[in-house]
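Number of protein chains: 2
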Amino acid sequence: MNFQSQVDRVNKKLDQYLSTQGSLTEAMRYSVLAGGKRFRPILTYCVAELFNTNLAQLDSSACAVEFIHAYSLIHDDLPAMDDDDIRHNQPACHKQFNEAQAILAGDGLQALAFEVLVNDPLLESEIKIELLSTLTHAAFEMAEGQAIDLSIVEQSVNIKVLETMHRKKTGALLSCAVDLGAIVAQCTTKDRVILRAFSRAIGLAYQIQDDVLDVEAPAGVLGKNQYSDIDKNKPTYPSILGLEASKSAYIELYAKASEQLKLLSVDAGVLQLLINKLQTRSF
Amino acid sequence: MNFQSQVDRVNKKLDQYLSTQGSLTEAMRYSVLAGGKRFRPILTYCVAELFNTNLAQLDSSACAVEFIHAYSLIHDDLPAMDDDDIRHNQPACHKQFNEAQAILAGDGLQALAFEVLVNDPLLESEIKIELLSTLTHAAFEMAEGQAIDLSIVEQSVNIKVLETMHRKKTGALLSCAVDLGAIVAQCTTKDRVILRAFSRAIGLAYQIQDDVLDVEAPAGVLGKNQYSDIDKNKPTYPSILGLEASKSAYIELYAKASEQLKLLSVDAGVLQLLINKLQTRSF
Chain A
1 MNFQSQVDRV
11 NKKLDQYLST
21 QGSLTEAMRY
31 SVLAGGKRFR
41 PILTYCVAEL
51 FNTNLAQLDS
61 SACAVEFIHA
71 YSLIHDDLPA
81 MDDDDIRHNQ
91 PACHKQFNEA
101 QAILAGDGLQ
111 ALAFEVLVND
121 PLLESEIKIE
131 LLSTLTHAAF
141 EMAEGQAIDL
151 SIVEQSVNIK
161 VLETMHRKKT
171 GALLSCAVDL
181 GAIVAQCTTK
191 DRVILRAFSR
201 AIGLAYQIQD
211 DVLDVEAPAG
221 VLGKNQYSDI
231 DKNKPTYPSI
241 LGLEASKSAY
251 IELYAKASEQ
261 LKLLSVDAGV
271 LQLLINKLQT
281 RSF
Chain B
1 MNFQSQVDRV
11 NKKLDQYLST
21 QGSLTEAMRY
31 SVLAGGKRFR
41 PILTYCVAEL
51 FNTNLAQLDS
61 SACAVEFIHA
71 YSLIHDDLPA
81 MDDDDIRHNQ
91 PACHKQFNEA
101 QAILAGDGLQ
111 ALAFEVLVND
121 PLLESEIKIE
131 LLSTLTHAAF
141 EMAEGQAIDL
151 SIVEQSVNIK
161 VLETMHRKKT
171 GALLSCAVDL
181 GAIVAQCTTK
191 DRVILRAFSR
201 AIGLAYQIQD
211 DVLDVEAPAG
221 VLGKNQYSDI
231 DKNKPTYPSI
241 LGLEASKSAY
251 IELYAKASEQ
261 LKLLSVDAGV
271 LQLLINKLQT
281 RSF
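Protein sequence lines correspond, in order, to chains A and B. The opening residue of the first sequence carries number 1 in my numbering; numbering runs sequentially from there. The opening residue of the second sequence carries number 1 in my numbering; numbering runs sequentially from there.
Extracted from the complex, chain A is given alone in its bound form (with noise of 0.2 Å):
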């Protein structure tokens, strides 16, 4: 995605946080420091700068929206829920070491989540609490999603179920992550309900165009096997809507989300340009 300083900067964050040994920290390392595009982190990080807030502000929020988003991903893997042996082109944590180990390890970095963000000294208590209530209720969410996308496995769904389940599982930590930003950035109510938008639209635009690449493009990118959804039989967009109109629809709401940026109360150039990518993304 190249948002390099972002990633940079949450990349050695995210390693100073998980410094600390520890019988878990091996497996936690392990996958948090794989890899992965750190978009959650990126998206807290630039709709912050939009208001000049010291970005060191920030840090505890990227940190903790990407170990929750990590242990998502361990757990997702798992042989009882997705059964993905490979992640971020390596073997997933149930692989490299064990299931036992990928579930706590998974349950620790929930907790350590909000461990860094409760505990983070460049914060008042009362900007925590905000960022621990959004957080802590897209953590829950996510949680909620993922159990509706497996129980939707082999189902017949209609496009409504595929969107709500898709704002659960990926749409509410992304709209988190702008959250967070714009929390610390304490910005107007009125900005905040626009970046809201904004996310909503990002969130699921991101979430069907992972379905049309799914189908389009190759393994060794992705990262993940390809066509792992479709091998499970779960329903996608292209499986409901066919490959040119879910094309379509994350491109029209990619231009949503761009119109929603105008309306800002500063100039929102950064995150324009994050759409730019994220539009012409090939994993």
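Treat the hints with caution; some may be incorrect.
[To be verified] Mimicking EDC-like on lysine to aspartate or glutamate, the simulated pairs with C-alpha atoms at most 20 Å apart in a straight line are:
(1) K232/A <-> E154/A
(2) K256/B <-> E130/B
(3) K37/A <-> E216/A
(4) K190/B <-> D267/B
(5) K95/A <-> E99/B
(6) K95/B <-> E99/A
(7) K232/A <-> D83/A
(8) K12/A <-> E49/A
(9) K247/B <-> E126/B
(10) K232/B <-> E99/A
(11) K232/B <-> D83/B
(12) K232/A <-> D83/B
[Claimed, not checked] Derived coverage of chain A by chain B (criterion: at least 3 residues anywhere in the stretch with Cβ under 8 Å from a Cβ of chain B; other residues may be distant):
(13) 108-121
(14) 130-138
Simulated from the structure, these hints should not be mistaken for lab results. For glycine and all other residues, C-beta sits at the position ideal for the given N, C-alpha and C.
Given the coordinates of chain A, assemble chain B onto it according to the supplied hints.
Only chain B this time, still in chain A's reference frame:
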């Protein structure tokens, strides 16, 4: 254990917090409301009562600590972990539903634990941050402790390793339950330190006693299978120290806990009663 008013109070609140509909509600309710001694919430309420604190201010803490405990039992019972089929005299969550649902119900409960604390309207932000700092840390330690527990199966370990494992796996959350009560009560630092020594002692005593009961109590009374640790070749206090020395060890620790209570600035009769009940429990 028969601290019925505290048990009734927390059961009512747990039920309320779990009343909202959602795809994980059924599995979460099944496991949380199945029963259990509610030992952690009892501790939280009892500690706060010593200082005449309004118990309504303790409800979120009592539920949060029980949600963390419940999630840990659901995950611990999974086939990849301790592989236990019975919990609270009913099929374990993964047997009643399936493994994926059990993993997600646990994940959701962990998020919910922090969510109910963050959103408690009766507590000030500063207090909430202190509570959350304590609970996130304990939740992380608990996951670490479980990882150590799994790593020492069929290993010959010394008593020090076993103690470290238990201090993290169960002691951390029990101490946390006491801490939460003390934080909301805003008692003096001196009383906090005394209560911490008390909770460390009963935490370890409780675990050693559990190991003893695992050998001595019949399955129907335990609510889970007897000899569950021995069957798994897990090191236990009786397997290292012998049965009689293990009994002496926990009796001594309960006595130590009693001694601490006498040092408090307030009358701690209710906690002494709790120790008496714990010491004579048969499950």
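Outcome of the hint check:
no. : hint              : in the structure
1   : K232/A <-> E154/A : holds (8 Å)
2   : K256/B <-> E130/B : violated (27 Å)
3   : K37/A <-> E216/A  : holds (19 Å)
4   : K190/B <-> D267/B : holds (15 Å)
5   : K95/A <-> E99/B   : holds (18 Å)
6   : K95/B <-> E99/A   : holds (18 Å)
7   : K232/A <-> D83/A  : holds (9 Å)
8   : K12/A <-> E49/A   : holds (18 Å)
9   : K247/B <-> E126/B : violated (42 Å)
10  : K232/B <-> E99/A  : holds (17 Å)
11  : K232/B <-> D83/B  : holds (9 Å)
12  : K232/A <-> D83/B  : violated (26 Å)
13  : 108-121           : holds (count 8)
14  : 130-138           : holds (count 4)
Violation of the numbered hints given earlier is confined to hints 2, 9, 12; the remaining hints are satisfied by the structure.
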